[in-house]
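Visitor: Numbering-wise (my numbering), the sequence shown opens with residue 1 and increments by one.
Careful: at least some of the hints might be erroneous.
In silico DSS-like pairs for lysine-lysine, Cα to Cα no more than 25 Å straight-line [said to hold, decoys possible]: (1) Lys520 with Lys549; (2) Lys654 with Lys605; (3) Lys520 with Lys595; (4) Lys520 with Lys666.
For each label pair, taking beta carbons as the anchor points, the in silico distance ranges come out as [what the hints assert, rightly or not]: (5) Gln522 with Gly389: 21 to 27 Å; (6) Gln445 with Gly301: 23 to 29 Å; (7) Ser646 with Val667: 22 to 28 Å; (8) Phe411 with Gln522: 42 to 48 Å.
Simulated from the structure, these hints should not be mistaken for laboratory data.
Even for Gly, the Cβ is constructed at its ideal location relative to N, Cα and C.
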Amino acid sequence: MSSKYTLIGMSRITALGILCGATSVCYAAEDDRLGKMATADVVVARGDTLDVNTSTGLSYGLQPSSTLNVNGATVGRVYSSAATLNLNDAVVDHDLVPVTDKTPAVTIEGSKLTANNSRIVNSSASGLRVYSYGMGGIPIPVRSEAAIANSFISGVGMAMQVAGSDVSVSGTAVIGLRGSSGEAVGIDTNTSSITINDSSVIKGDDIGLRVRSVGSSPGVGVVPNTPSVIDIDHSTIQGINGPAIKLVGARGEGAIAQITLRNDASLLSGNANLVEVYDESALDLTVDDSRLTGNLFAEAGSTLDVELRNGAQLAGNVINGNNMAINADARWQLMGDSDVNKLTVESGHVSFAGEGFHTLSLNELAGHGTFDMRINLDTAQGDLLEVNGEATGYHKLNVKNTGVEVVPAEFDPLRIVHTEGGDARFGLIGNRVDLGAYSYLLEKQGNDWFIVGEGKTISPSTQSALALFNAGPAIWNSELTTLRSRMGEVRGQEEGGGWIRSYGNRFNASTGAGLIYDQKQQGMSFGADAPIPVANGNLVMGLMGGYSKSDLDLSGGTSGTVNSYYVGAYGTWLMDEGYYLDGVLKFNRFRNESKVAMSDGGEAKGRYNNEAVGASIEFGKHIELADDYFVEPYTQLSGVSIGGDSYSLSNGMKAKNSRTQSVLGKVGTTAGRNFVFDDGSIVQPYVRVAMAHEFARSNDVTVNETRFDNNLFGSRAELGAGVGVSLSKRLQLHADFDYMKGKHVEQPWGANLGLKLAF
């Protein structure tokens, strides 16, 4: 029958194994086979259980099959052999025993440890040692099991030592202070299982977590070629002055480990290397939904396999990697030159980053991935994907766009991918790379892929600049059309009035540089006018204002917007003989914005303001025909000068022009009929045809250092129809519809609706 002891007062265990209680009753401790037991203040005999509920500062030894429960108390040191140790709200402080004793604060061999809300500290040696134990020479070891939650462990040289055991650490800080070394967790042998989760922090002055091989001696839990398995879940491993994780060999044998980082786990290092693998060791590292910044290094002869998955990110270099897999939208961001034996990319990204250009050297490439790269055609430099063996699969190249690139008119093709063979295919995202004024193509030559100058096109950034500088005249003239309709309404009227018109247009426009874009405009004009007595006929003078918004739609998602605000004065003189003369003077302020969709998926923006002044004069004759028909031949000349400006996009592209001009001449005629009804209302339908010619030729735009011809020169035909309705002497309604087609511009449709109220 086992006994249960509760320690009271200053009871002690002697070196002979005699337990003397406060009542002076002594019990013989069983089977003290180990010398370590002889140094303990208290030994718990085989099969017995001891509860410690009051702080004692004593050291304890646990014989096989015994149990020690420390509840809310402080003790000095614990050694457990094939026993059970439970720490609850407890403290094990090795400093309470003589400082010459360099043993760990807690040692469990072939034992079970449960620690909750407890502290294990040692300022002279390790804090916790968790080892397997071969009992009685039996070659099959007894593994230790340790479950540590919400606790704190610190030690000098090494905070926690693990060999051939199973350890779970949850919500716990493990701090390794520097002695001969400064390691938070040291794993000896290749068969341990470690789980670190729930925001645990493993931090060493030198190394966060070290795995070492110590050979295959019987009795210490070593199974040849069996790795230690380490799972780090939402926790941090840090080496303050060295790597976060380090593998080293001993006795001619390398360490073997499988390490998984998951759920936003992190590695931090003081020497830029998150992982180091030495002495022919082998590490299989999996990064799952975690983000790492730093390098992964393997010494020649060692093996480093890496898998990034489930959105994982690595920003750093891989030196002497063996197999690397990038899956499930994971990303590897190179900060310098890297080398990997085999790289497999499945739905992942490899990004070249950092200062300067870099080379990724591979012996084999497979899968379907995306490579983010950078080039400079002006200096003939760029990132290089170098496969010194076979490449297979289909891979996308996302070459970084820029608006500031200055590219020579003639340049040698720039190689960005080299292979030694295989059936791999490479293609540019967006089918082009946008560099300054132009976009360039990818071309395969032999087993390599190059950026070439042949087949270049105007870049989206350039397109946006050309479209904005080109849109002003069309906007100005379409606003003028609504005012012209109003002037036709008031000829011959003896009363003035107020009016308002809303309008919309669509244009298919092009420039001399070959740019094609759609332009949609909508707006509103309003004004008031009054008759002025003259000797011959009727003269009406008025003031007007308005606003319009034009949306420019370019290819590939690039767009622009022009907000136009305007004021003006106008007059129309209808002479007694039927001749008329119209004049307009109009001032505009344009607010121009563009959004550029670049081929690499990025976006650039820019804006600028400019002003315009223009005038129009029209001369014609109103001819009355039989049965209330009429014709109205006319000729018109209009011109506008739109101020230039320097225009910059957020991607660095710069564009400018001195000014944009339009001089438009037009000859046409309007024909219609007046229908007068019994109630006095009048309906006047009409049609209009005209030929127009744009005389302006020089509207050059400079993008970076490249000049583009943005002229509008050419002829066009116009067709229109409309109807005016006089509901009463004071109230009139109007509707107009227009179509126009010519060089550089087509208007599939245009419409405006108006209302006039006579004073």
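Visitor: Each hint needs a verdict: does it hold in this structure or not?
Guide: Hints and how they fare:
Between Lys520 and Lys549 the CA atoms are separated by roughly 8 Å; this keeps the pair inside 25 Å, and the hint holds. A distance of roughly 12 Å separates the Cα atoms of Lys654 and Lys605; the hinted pair therefore holds under the 25 Å criterion. Annotation: proposed proximity of Lys520 to Lys595 holds, straight-line Cα distance about 16 Å (limit 25 Å). A threshold of 25 Å between alpha carbons decides the hint, and for Lys520 with Lys666 the separation of about 23 Å falls inside it, so the pair holds.
A hinted range of 21 to 27 Å is violated for the C-beta pair Gln522 and Gly389, which are about 60 Å apart. Take Gln445 and Gly301: their Cβ atoms lie about 37 Å apart, and the range 23 to 29 Å is violated. Checking the proposed 22 to 28 Å range against Ser646 and Val667 shows it is violated: the Cβ atoms sit about 38 Å from each other. Under the hint 42 to 48 Å, the C-beta atoms of Phe411 and Gln522, about 45 Å apart, fit the expected range.
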